[in-house]
Structures are given as C-alpha cells and as structure tokens.
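These protein sequence lines map, in sequence, to chains A and B. In this text, residue positions in the first sequence follow my numbering: the first is 6, and each later residue adds one. In this text, residue positions in the second sequence follow my numbering: the first is 6, and each later residue adds one.
Derived from the structure by calculation, the hints contain no laboratory data. In this text, all values refer to a predicted model and were calculated from it rather than measured experimentally. One should not assume that every hint holds.
Note that identical chains are pooled: a pair holds if it fits in a single copy or bridges any two copies.
[Said to hold, decoys possible] Here are the simulated SDA-like cross-link-like pairs (lysine to any residue), alpha carbons at most 20 Å apart as the crow flies:
| # | residue 1 | residue 2 |
| --- | --- | --- |
| 1 | 208 | 243 |
| 2 | 208 | 221 |
| 3 | 324 | 259 |
| 4 | 208 | 245 |
The primary structure of each chain is shown beneath.
Protein chains: 2
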Amino acid sequence: MPETKPPAAPIDPARLKAMMDKVSTFGGEPNGAMNRLTLSKTDGQARDWLGSWFRDQGFEQQIDAIGNQFGKLPLAGANAPVVMVGSHIDSQPNGGRFDGALGVISACEAVLAVSERLKAENRLSACNFQVVNWTNEEGARFQPSLLGSSVFAGAAELEWALDRKDGDGVTVRQSLAEIGYAGTDKVARPDALIELHIEGDDKLFKTGETFGVFTRYWGATKYRLAFLGQQAHTGPTPMALRKDAVLAAAYLIADLKELAGAHGLDLHTSVGRLEVFPNSPNTVPSEAVLFIELRSGSPETLAEAEASMKESIASAAAKANVGYEVRSIDRRRAGGFAPGLIKLAEQVAAGKGQSARRLDTIGGHDAVAMSEVCPSIVMAVRSQNGVIHHPTEFTTPEDQAVGTQILADMLYALACDGVQSIASKESSA
Amino acid sequence: MPETKPPAAPIDPARLKAMMDKVSTFGGEPNGAMNRLTLSKTDGQARDWLGSWFRDQGFEQQIDAIGNQFGKLPLAGANAPVVMVGSHIDSQPNGGRFDGALGVISACEAVLAVSERLKAENRLSACNFQVVNWTNEEGARFQPSLLGSSVFAGAAELEWALDRKDGDGVTVRQSLAEIGYAGTDKVARPDALIELHIEGDDKLFKTGETFGVFTRYWGATKYRLAFLGQQAHTGPTPMALRKDAVLAAAYLIADLKELAGAHGLDLHTSVGRLEVFPNSPNTVPSEAVLFIELRSGSPETLAEAEASMKESIASAAAKANVGYEVRSIDRRRAGGFAPGLIKLAEQVAAGKGQSARRLDTIGGHDAVAMSEVCPSIVMAVRSQNGVIHHPTEFTTPEDQAVGTQILADMLYALACDGVQSIASKESSA
Chain A
6 MPETKPPAAP IDPARLKAMM DKVSTFGGEP NGAMNRLTLS KTDGQARDWL
56 GSWFRDQGFE QQIDAIGNQF GKLPLAGANA PVVMVGSHID SQPNGGRFDG
106 ALGVISACEA VLAVSERLKA ENRLSACNFQ VVNWTNEEGA RFQPSLLGSS
156 VFAGAAELEW ALDRKDGDGV TVRQSLAEIG YAGTDKVARP DALIELHIEG
206 DDKLFKTGET FGVFTRYWGA TKYRLAFLGQ QAHTGPTPMA LRKDAVLAAA
256 YLIADLKELA GAHGLDLHTS VGRLEVFPNS PNTVPSEAVL FIELRSGSPE
306 TLAEAEASMK ESIASAAAKA NVGYEVRSID RRRAGGFAPG LIKLAEQVAA
356 GKGQSARRLD TIGGHDAVAM SEVCPSIVMA VRSQNGVIHH PTEFTTPEDQ
406 AVGTQILADM LYALACDGVQ SIASKESSA
Chain B
6 MPETKPPAAP IDPARLKAMM DKVSTFGGEP NGAMNRLTLS KTDGQARDWL
56 GSWFRDQGFE QQIDAIGNQF GKLPLAGANA PVVMVGSHID SQPNGGRFDG
106 ALGVISACEA VLAVSERLKA ENRLSACNFQ VVNWTNEEGA RFQPSLLGSS
156 VFAGAAELEW ALDRKDGDGV TVRQSLAEIG YAGTDKVARP DALIELHIEG
206 DDKLFKTGET FGVFTRYWGA TKYRLAFLGQ QAHTGPTPMA LRKDAVLAAA
256 YLIADLKELA GAHGLDLHTS VGRLEVFPNS PNTVPSEAVL FIELRSGSPE
306 TLAEAEASMK ESIASAAAKA NVGYEVRSID RRRAGGFAPG LIKLAEQVAA
356 GKGQSARRLD TIGGHDAVAM SEVCPSIVMA VRSQNGVIHH PTEFTTPEDQ
406 AVGTQILADM LYALACDGVQ SIASKESSA
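Build out the structure end to end from the sequences listed, making use of the hints.
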C-alpha cells in the first residue's frame, strides 16, 4: 500500500451533504426524480439559493448575458490568474439529482475548504477561484446542449443562442428575463477550468473504483447523405433497370458497421435516422436520406473513418446504380483534456491512495466546450450501476466526498504553486 | 409465308374507331389525357353511353351490386354457355385513352361482328356473349384495384368493397348511388372470360410485333416484417452492445437483391417502404418495419424465394443481435391463363399470319381475378413506346383492329364449335 497523505484542504462532508440535500429540494421529488429544466421556475429557485450562498460566503456573483452564474472568491489580487470550477444545475426531465449539481456544489465546498485552510495558514493564494453554474448544459428544453459554455467559449453566437425556442415556442431570452437571469456582466475567460461530474457510465462501478479522470473527449463527424434513385413500380420494372435508393442505403449501413469493427473500440458508427421517399410498398424508392454519425476519441481515427466512409458511399451508389449528394456535414473535434490538469488530478488521487481510472467522455460536458479556450478537465465519481438521466441515478455521499476532497486538494495545490504547471494545453510528454 | 385466311367474322374498323373516339370524349382532353376515375361523373357518362349502345344493338344490360356493367347478346338459348368479353373503362388520373377502354369497345365490336356474321349465315350460336365493364380496375380512386372483378369472382366481400373510401372519405357505395349504378342484378359466372388490353410494356413495340398472348400472371408474396432492437444512445453505447434494428434491415435488403439475381429474370424483390423508430439521429433504432415484396410468374420460384428469405431474415436478425416478428403476409397466387384459350388465340392469330408473342403479366388484370373461377385469358396489342398511364399512351387504329379481329374470330369459333375445347383450366399437354 502506498503511504497516503492527509487532506491538504480538508472538506466538510456533512456540509457537502447538507448543500446537496438543499439544492435537491428545487425540482426534486421523493422518489429521487429531478425536474429542473434549464431556466424553469425550479432552476430559478436553485439559482437564487446558490446566489444567496455566494453572498453569505463572500463570493462575488456575476451573471452574463446567456445567464451563466458565477461566484468568485477573491483570495488573491484582482489581476491574479482565475481557476474556474463548476458544472450545471439544470437537469433532464425526470432526471437524477447528481448529474451536474454535484459539480456545482462540490466546487462551492472545495473553494470554501481551500479558503478556510489558507486563512488558517494565514497564506495568500496564487490565484482566485470562481464557481460556475452553466446555463442549459442538458439541451433537454432548448437545443443545442452546452449552450451557456459554448457562448462563453465563443463557439456559439449570443444572439442566436438567445433566440433558441423550447417546444412551446418560448425563447431563451424570454426565459432568462422571466426568472431574472438576463445578466449584463462581462466575465473574462479563466486560466483553467475544472469540473467534477458523476461518471454516468458503469466503468468505475464495474471495477469497484471511486474516481476517474476523463483524458479524452470524443469527436463526431455527422453526415446527412441522400442516395438518389428513380421511382418505379416494384412489379414489372426489371430488376436490372431499378435504381433503388434504399438498396444503396443498405449497402452503406452494412459497411459502416464493418468499419466500426475494423477500428476496435475506438470508433462508433451509426445511422439513427433514415428517411425514405416516397416510402410506398409498391414503389422503388427514389430517395433515401441517412443521418450518419462517426464518433471517436482519436482525430486520426475519425479522419480515417471518414475517408473509408466516402469510398463506401461511392461504392454503394455504384452497386445500386444510384446517385448521391452530401446534404450537410457537422464536425465536433476529438481532443484531449489538459495534460497538466490530468497529471495534477492523478498525483492528488495517488497521494490519497485513490486510483484514478482514465476515461473517455463520448457525450458532451461543458469542460469540452471550454477546452477550446483554456486548460480544462472533467473528473468523475462513480455512478451506482452506471445509471444517469433517471430517478435512480445515485452517487453515495462517501464517493461524492472522495471526489470533492481531490478537487479541493487540486485547488489548494494551484493556490500554493500557481497555474504555470497546468497553463499549457499541450502534453508535456 | 403461311397462307392467311380471310376473317371469319369481319369487324368494321371504321365503326371500332368511331366508338373509341366517342368513349374518349368522356373525360378525355385534347392532349390525349384521360381523367375517368372510377364512379366519377365522367365514368358515369361513359357508362350511360355504353348502356344506350347496348340498348340500340339489342344487348340486355345488367348492373350488379358493385356496379359491374354487363351487356348480353342472346344469340343462343337461355341455358347456353356464356362467354364474357371485356375490360374496364375507368382510367388513372391523367392517364391514357386505351388502357381498359379498348377492351370494352373491342368486345362490343367483336360480338356485333360475330352476330352479323351468324345472321348472314343464318346460323345459331353455341353460346351467348356478354360484354363486361368492370368497376374500379385501376385502384386509383379506391383501393384495392380489380375491385369489381374480385367481388364478382368471390375473392372480395361485397359489403367490404362497398365501404372502401376514396381520399375524400366518399365510399364506393355512395359513389355508385350518385351516378346511378348501384345495381341489383344477379349475374351468373360465365363459362369463359376473354379480355383484350394494350400491352402497357414495350416488348411488342421493341420486336416490331402487333399481338401477344399473356400466358402467365405473376404472383406476389408480401411480408410486413419488423426487426426489434433496443433504443440506445449512438454516442457512448459500445458497438458490441447495440441492438440496431436498421442494421438488420440493411442485411436483409442486400440479401433480397442477391436473391433476385440468383433467380435470373423470374423473380422480382423489393423493399419499397421502411419505417424506422424512433428515427432520431442520435438514437440506435429500436424498430425497423420492412414492406417486402417477392414477385414471380412461377409458384415454385415464389415458394423457393420465400424459404430463402426466411433464412435471410433469421440470419440478419442474428447478425445484428435483434429479434423480429412477421406482422402480416399477403399472397397473390402466380398462375397461368387457360391453355384452351391460349391455344385458340394462337391458332386464330396464326391463321392470319400474325405472330402471337407469349407474355407474362406482372401487374393485375380483371382476367387474373376471373381466372380463379373460369377459363380466362388476356391478349395484348402493341403500345407505342411501351407507354401506359400517361397522356402519350397510344395504340394505332390498325393495331386495335388487328386485336379486335382476332377476338371476333375467336368468338366466332366458340359460337360455331362451343366452349368444350376451352372449358378446362388445365393444360392439355
């Protein structure tokens, strides 16, 4: 057994639990279900509570134009580097209590613990800490997801984001005004971003581990592709003369499955949506539109897969004697989280005798959006049975405390040593 | 050159052309387009004109409960065998003038010519002739097609047929009443049915021939098949754990194309309609419903193809790790037209130095429905460029006359020799 060190900045697990219990009252139900859709009344109540907590603890609150809620604790000079810590408190409909909320509440507890420790040591911090609660991470009420962090990182236009509508036609702009979170503060980009989140998968649960570090985020290349055949009667039309768009789709779908197999576990491929025209039982289809996704943690794999897919598209079209056109291409970059932050997380965990399993995140996190503009990381604590987006979503108070303590000790290290060591997004290897 | 005989019962080509011109005024447009949807106002006008022609020529008109219009010329005793001759005068929307109408008008002309010839020879007929105009052959306004002949042949229930609705919710029953063709006559099954039709394909046109005999009608086996997978996120769900219903569909669609290739020209396969659930770009499809058709002129090929398809279904499901269920199966029998009538048509054509190309009919004809209850045949005259269901559909007056003369001489032979030779549906070979 490696020697384990005591916490550098001890958190208060009871206080953490009390805060989690409190925030869960906003939109929470007795069965564990959480209904805190972004910018809803319950989201507004949770935000108000968080704002009052900021005030009580001496955090300076700021709200920006997309409603992102910030609370900065000035432990260093006004021009000192800023380390942002947090996640989101919006939830899926009938979702769970931990997805997002743990990241905001653990940030509050960790920054408070660091502040208390520095005070006890009568020590100045090398940086300031800023808790963040991002708007609309979930993308359940308004699309796309990661809206607040994407606007903050400059990947989405503010006006466009404010004009997004929910299913009832209500805009983000109206909703922000209704709950009083149409802010005007200009918040500068931080020097680093750290997010703690529940894993939302069962890798830690299955291996019996508590803690993990996401090292890579998967990218996605999405094609909307149309095969273009010719409408004809399925009865008399000779097989050799048919131009069947669905047949080409079939060849390509089978090829895409093969393609994933050829790349082991590092490539996911799918055709989740398929539109057929005219879609009549006795008519050879003239058009088949495929919504194709290629996903990988490796940019190289993604590029290789796209090149192979292009060959398969041409070959499927030729085999079925149809044409094709690419209607749209969306690309989300694959990449890695900041090596300096990964190293820091692993060192702190190791110091506590905690394993830190390296994980990929395939779905989105606000830290993925932020990763484009500053060194960023997402760390994970175990989800019981891997459940997420469901009332039975659960992470034990003990596991929450383990993750929060690692977070606090990382922040303490940055407070003592400064952010130089984690400033680069490039690998030191 | 073989010696050619003069017509046994000479038709009057000018009278035939005048009748075709007249019937084309009901729903016809200057550019050749025909709009005579079944039981429409123009269909009613064409029926009324045909009825008045029946009266003028001494034909006894009968209308049955599904609106089939019959005109019987009593040339023999009341208990003599009946040979029915005809087709349909309804058209597709924006269709052509010859599809169906030629079969009714040529029947009128042929029966009249036979009657005139018998009178001139002062000879009694061995059988009576009954012209028929079937209701809703096209299936354009009401589905299914072949409605009148199917009810007459007992393959469709009368009440069910009367309840069929068009796109505006109007029933067959209401439409029959509106144009005055809700008949009450009970019409007995004939001893034979002969139909002349335009080919509606380009086989005769390409070989430069005028006349053909359909010897086989294709059957169809139609499956509605659901592959049942499991909904999952297309992002994180490991490829190996996915149960992708569309992937199974893709495997099967490719197999069905192979299957057709393995049977040469004698098997047509298709999946014209494909329903995908939930059909969301980032969700692995949980259900894919395929509308499959197998078509062949050979009952054996159809049975073999179905057996192969069943293996492919099981294999596609296994490969994609999904289940499946057959939601419905429809079978339309493949078969042959009456050998005695085929022989008669070929002999009469040969006597005139006319080739009689043997053809398959893949789409439906009223004679296919009638084939289940009496010896039946469809004969074809050349369509220019193979066009059908289009304003440019055209069969020359000369070609119409060739087909009508062969029809008249066939009827004359039956009048002289009786129907014994063609009474069997079995081949004499």
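The hints, checked one at a time:
| no. | hint | verdict |
| --- | --- | --- |
| 1 | 208 - 243 | between (53 Å within a copy, 12 Å between copies) |
| 2 | 208 - 221 | within (15 Å within a copy, 63 Å between copies) |
| 3 | 324 - 259 | both (13 Å within a copy, 11 Å between copies) |
| 4 | 208 - 245 | between (50 Å within a copy, 15 Å between copies) |
The structure is consistent with each of the numbered hints, conforming to all of them.
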